[in-house]
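Residue numbers (my numbering), protein chains in the order written: chain Z, 32 to 463; chain E, 37 to 437.
FYI, nobody ran anything at the bench for these hints, they're computed from the structure.
Accuracy of the hints is not assured; some may be wrong.
Which residues of chain E face chain Z? A few of them, derived with a C-beta cut under 8 Å, are [to be verified]: (1) T56; (2) N77; (3) S80; (4) L350; (5) D352; (6) E353; (7) Y410; (8) I414; (9) M417.
Derived DSS-like pairs: lysine-lysine, alpha-carbon spacing no greater than 27 Å straight-line [stated by the list, open to error]: (10) K391/Z <-> K428/E; (11) K427/Z <-> K379/E; (12) K312/Z <-> K392/E; (13) K430/E <-> K312/Z; (14) K428/Z <-> K392/E; (15) K430/E <-> K427/Z; (16) K357/E <-> K312/Z; (17) K357/E <-> K428/Z; (18) K427/Z <-> K392/E; (19) K392/E <-> K391/Z; (20) K312/Z <-> K428/E.
Sample of chain E residues lacking proximity to chain Z, with all beta carbon distances greater than 10 Å (derived) [as the list claims (entries may be wrong)]: (21) K172; (22) S191; (23) L209; (24) P409.
Quick reminder that beta carbons are idealized off the backbone N, C-alpha and C, glycines included.
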Amino acid sequence: MSVKKNRNKVLMFGWEFPPVISGGLGVATLGLCKALSPLADVKMIIPKSVPNFDIPNIELIGLNSFTKEQLQDLFNQEHEYSFHEPKFNGKSSYGPYSKIPENEFISQKFYDVLHEDIKPFEIDDLYAGDVIKKVIEFARISVQYSLRQKFDVIHAHDWMTFLPGMELKLRTGKPLVLHVHSTEYDRAGEHSKNWVYDLEKRAMELADRIIPVSHYTGLICERHYGIDRNKIKPVHNGIEAVKHTVKKSPFDEKLVIFFGRITMQKGPEYFVEAAKLVLEKHQNVKFVMAGSGDLLRPMIEKTAAYGIGDKFYFTGFLNKVMLNELLAVADVYCMPSVSEPFGLSAVEAVQYGLPTIISKTSGVAEALTGSMQIDVWDVQKFAQYIVAALDYEGLKKSVVEANNHSLESITWENCAQQVVDVYNSIWEEYQA
Amino acid sequence: MPSICFYFQVHQPYRLRPYTFFDIGHNHNYFDDQKNREVLNKVSEKCYLPTNRLMLELIEKHQGKFKISYSISGVALEQFEAWRPDVLQSFIELANTGCVEFISETYYHSLSYIFSRDEFKKQVDQHRQLIKKYFKQEPKIFRNTELQYNNELASVIEGMGYKGIICEGVDRLLGDRSPNHLYKAPNVQNIKSLLKNYKMSDDIAFRFSDRNWSEWPLTADRYAEWVHSIAGHGETINLFMDYETFGEHQWAESGIFEFMRYMPGHVLKHPDFDFKTVSETVDAYPVRDTYDAHDFISWADTERDLSAWIGNPLQDESIAKIYSLEKQVYDSGDKLFIDTWKKMLTSDHFYYMTTKYWADGDVHKYFSPYDSPYDAYIYFMNAMSDLSIELKKKPIPKLKK
Numbered sequence: 032m033s034v035k036k037n038r039n040k041v042l043m044f045g046w047e048f049p050p051v052i053s054g055g056l057g058v059a060t061l062g063l064c065k066a067l068s069p070l071a072d073v074k075m076i077i078p079k080s081v082p083n084f085d086i087p088n089i090e091l092i093g094l095n096s097f098t099k100e101q102l103q104d105l106f107n108q109e110h111e112y113s114f115h116e117p118k119f120n121g122k123s124s125y126g127p128y129s130k131i132p133e134n135e136f137i138s139q140k141f142y143d144v145l146h147e148d149i150k151p152f153e154i155d156d157l158y159a160g161d162v163i164k165k166v167i168e169f170a171r172i173s174v175q176y177s178l179r180q181k182f183d184v185i186h187a188h189d190w191m192t193f194l195p196g197m198e199l200k201l202r203t204g205k206p207l208v209l210h211v212h213s214t215e216y217d218r219a220g221e222h223s224k225n226w227v228y229d230l231e232k233r234a235m236e237l238a239d240r241i242i243p244v245s246h247y248t249g250l251i252c253e254r255h256y257g258i259d260r261n262k263i264k265p266v267h268n269g270i271e272a273v274k275h276t277v278k279k280s281p282f283d284e285k286l287v288i289f290f291g292r293i294t295m296q297k298g299p300e301y302f303v304e305a306a307k308l309v310l311e312k313h314q315n316v317k318f319v320m321a322g323s324g325d326l327l328r329p330m331i332e333k334t335a336a337y338g339i340g341d342k343f344y345f346t347g348f349l350n351k352v353m354l355n356e357l358l359a360v361a362d363v364y365c366m367p368s369v370s371e372p373f374g375l376s377a378v379e380a381v382q383y384g385l386p387t388i389i390s391k392t393s394g395v396a397e398a399l400t401g402s403m404q405i406d407v408w409d410v411q412k413f414a415q416y417i418v419a420a421l422d423y424e425g426l427k428k429s430v431v432e433a434n435n436h437s438l439e440s441i442t443w444e445n446c447a448q449q450v451v452d453v454y455n456s457i458w459e460e461y462q463a
Numbered sequence: 037m038p039s040i041c042f043y044f045q046v047h048q049p050y051r052l053r054p055y056t057f058f059d060i061g062h063n064h065n066y067f068d069d070q071k072n073r074e075v076l077n078k079v080s081e082k083c084y085l086p087t088n089r090l091m092l093e094l095i096e097k098h099q100g101k102f103k104i105s106y107s108i109s110g111v112a113l114e115q116f117e118a119w120r121p122d123v124l125q126s127f128i129e130l131a132n133t134g135c136v137e138f139i140s141e142t143y144y145h146s147l148s149y150i151f152s153r154d155e156f157k158k159q160v161d162q163h164r165q166l167i168k169k170y171f172k173q174e175p176k177i178f179r180n181t182e183l184q185y186n187n188e189l190a191s192v193i194e195g196m197g198y199k200g201i202i203c204e205g206v207d208r209l210l211g212d213r214s215p216n217h218l219y220k221a222p223n224v225q226n227i228k229s230l231l232k233n234y235k236m237s238d239d240i241a242f243r244f245s246d247r248n249w250s251e252w253p254l255t256a257d258r259y260a261e262w263v264h265s266i267a268g269h270g271e272t273i274n275l276f277m278d279y280e281t282f283g284e285h286q287w288a289e290s291g292i293f294e295f296m297r298y299m300p301g302h303v304l305k306h307p308d309f310d311f312k313t314v315s316e317t318v319d320a321y322p323v324r325d326t327y328d329a330h331d332f333i334s335w336a337d338t339e340r341d342l343s344a345w346i347g348n349p350l351q352d353e354s355i356a357k358i359y360s361l362e363k364q365v366y367d368s369g370d371k372l373f374i375d376t377w378k379k380m381l382t383s384d385h386f387y388y389m390t391t392k393y394w395a396d397g398d399v400h401k402y403f404s405p406y407d408s409p410y411d412a413y414i415y416f417m418n419a420m421s422d423l424s425i426e427l428k429k430k431p432i433p434k435l436k437k
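I would like the entire structure built from these sequences, with the hints used as guidance.
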């Protein structure tokens, strides 16, 4: 029998959160929070909050706002600290978006942080400097704070917040839900057996439920982390509806666009290769690569070497307003990601009525079933789709129609409802 | 004396090869000969040859009491002649028994009735010639591609000299009436409409091997009981289905061949029952009521309408463009152009472009040689672009005075 619990009291841990934001994680965490507020009581703990940024019905707690006195109060009655530190396998990458050289042993960090005097939590750029040290500090303070709060379920977003999630589960016995927006496997591929990977794996093993943002990511949890599929419950992200106007393009040529970080994970190389093929047949087209990243320069060099540099615009990083300008005048959107847990930017392109070409190795491919879908290595097919989307009106119409149909169900309300269903599935299990 | 009227559809299209935009302007061979040959070989071995053998056996065994009808598209017959003459020969042997009737259709299994009445008549005539050539019969009964049918078609077909036309027995048109009688369209003189009994047809064609079906496993004598139960309130059970039901859609391992081997014997145990061909059925029974198909119906999907071929932007654009080339193609006077263009009219090309995935998707996926409807559309559009370019290059022959 289904047991409908009263409103769940959710203790949530996030890392990125608007307006302090550097990627899709913040947008997603905020979107979910807002949509959850009518359905559950959410207390959201983040590293850094900004004064006067409130969300109705959400209790937002930035660790940076704790004064020294408040912290000392918390730690006066500190219980013995017992982080279950994942086994360390040596140096490796750990940043969510970039590789940061790491030479120190992480166990030393734990030692340092746990024996440090209590001082206010300060963080500037969420991913700059010694991220792991910040992650441990975040855990240390937020656990002490949380032990004094009332909650039913712990919900942690991505590896940066898994430490407090695990610790609280072990100390309180409350169920732990991990929300997986991306994994170390997505970021570092097969070479991802590092400390972050170990942390993710340990946390997933301990968790009661795992909510990956797609079935695609769920499969990664199952196959690359060896997690029992029965506790993996994929829930797609939503998107906030926007009103937009498609503008008349100031360009004579058609515009084919790629945007996102210019890193291996996003497959910019495939975009350039496909563009080269398209340009053999089709002159009246230009390609835009918007974003920055470690592969930006190599991509510029590649287009130059192919002699198609004059057909490419590299815009560098675009803010939201500029990005919307670009979407308003573009003709075709491409997302050739090698591994993409979800891919919200494809949904943004859909909101602008663009025909979309997306990789099969993306979560969003499950939601935008009517998009043109490619195996990223199949550059021929990729080029075919670009040309066809430019030349054949019926295809463009058909893809846009199907996308619009899909868009109707890509909402944060749907997402939040499914997350609540996941919470309730835990209570049903407890009852049974 | 109630009858079973079997009609089997035999059709294989000329599938387009993955014709990319790189091919445009260089390569004028649009059809995937290798694939088409492979499919034909596979289906010949699994279905056409063993099933034809079985039908011949049944005809001989029941000494004239077992009769069947076929509609074989012109493009299927062409491919048999080119690649599997043994299959063609086995159909000719069946024709020679006198217990097998051949039905008229469009040579290219096309949607031409809807999009070009001229082309439609040409294709029906072309198909009649072919049936005469191979089977020495003049078809008297017509069936349109995928049982696409409406009142107007019935009247046009009557005007072309046919005495019967085949269509789907659609619930929404029949109401509580039975498909087991002959009907007629409200606007015709004499032509009779044979309605498919979709329930009893689908028991064989779709449900036979479905282990979740409450009647599984269906045996020949059980099925014969159902047939016999219409005694007194029905005259003909029209069992219309794809011939590939035998051995291809329902695998040999499902027992479909054994079912078919014994079913006629069980049916004939009841002295009042027999098997008739389509024109014998039309001759034997009177029209009992009006069947008013104002809008198009078909035998496809749950909707039983044209939505599998027409209606999404991919289909609408490609169909409009290919038919718009008609005059240019004929004006060229070039046999190869004309033949290529006609092969591109085959309805399957547009069926592969359907995006009705969500509801009816499985069936389409099964029948599509491409990864996605988008691919089907792109290859078609690319090939058509090339055809169009080639046509423009060709000078129009001057009319002789």
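Hints, one by one, checked against the model:
1. T56: holds, 6 Å
2. N77: This interface hint is violated because 28 Å lies over the 8 Å limit.
3. S80: With a minimum Cβ separation of about 32 Å from chain Z (threshold 8 Å), the hint on S80/E is violated.
4. L350: holds, 5 Å
5. D352: Cβ of D352/E sits 7 Å from chain Z, so the hint holds.
6. E353: The hint holds - E353/E has a Cβ within 8 Å of chain Z, the shortest such distance being about 3 Å.
7. Y410: Interface hint status for Y410/E: holds (6 Å vs cutoff 8 Å).
8. I414: With Cβ-Cβ at 5 Å, under 8 Å, it holds.
9. M417: holds, 5 Å
10. K391/Z <-> K428/E: Since the Cα atoms of K391/Z and K428/E sit roughly 39 Å apart, the hinted pair is violated (cutoff 27 Å).
11. K427/Z <-> K379/E: Distance of about 26 Å is within 27 Å: holds.
12. K312/Z <-> K392/E: Given that 27 Å is the threshold and the Cα spacing comes to 32 Å, the pair is violated.
13. K430/E <-> K312/Z: Holds: K430/E and K312/Z sit about 23 Å apart, inside 27 Å.
14. K428/Z <-> K392/E: holds, 15 Å
15. K430/E <-> K427/Z: violated, 31 Å
16. K357/E <-> K312/Z: holds, 22 Å
17. K357/E <-> K428/Z: Distance ~16 Å between K357/E and K428/Z Cα, so the pair holds.
18. K427/Z <-> K392/E: holds, 17 Å
19. K392/E <-> K391/Z: holds, 20 Å
20. K312/Z <-> K428/E: holds, 20 Å
21. K172: holds, 44 Å
22. S191: Fine: 33 Å to the nearest Cβ keeps S191/E off the interface.
23. L209: holds, 30 Å
24. P409: Given a closest Cβ separation of 8 Å, the condition is violated.
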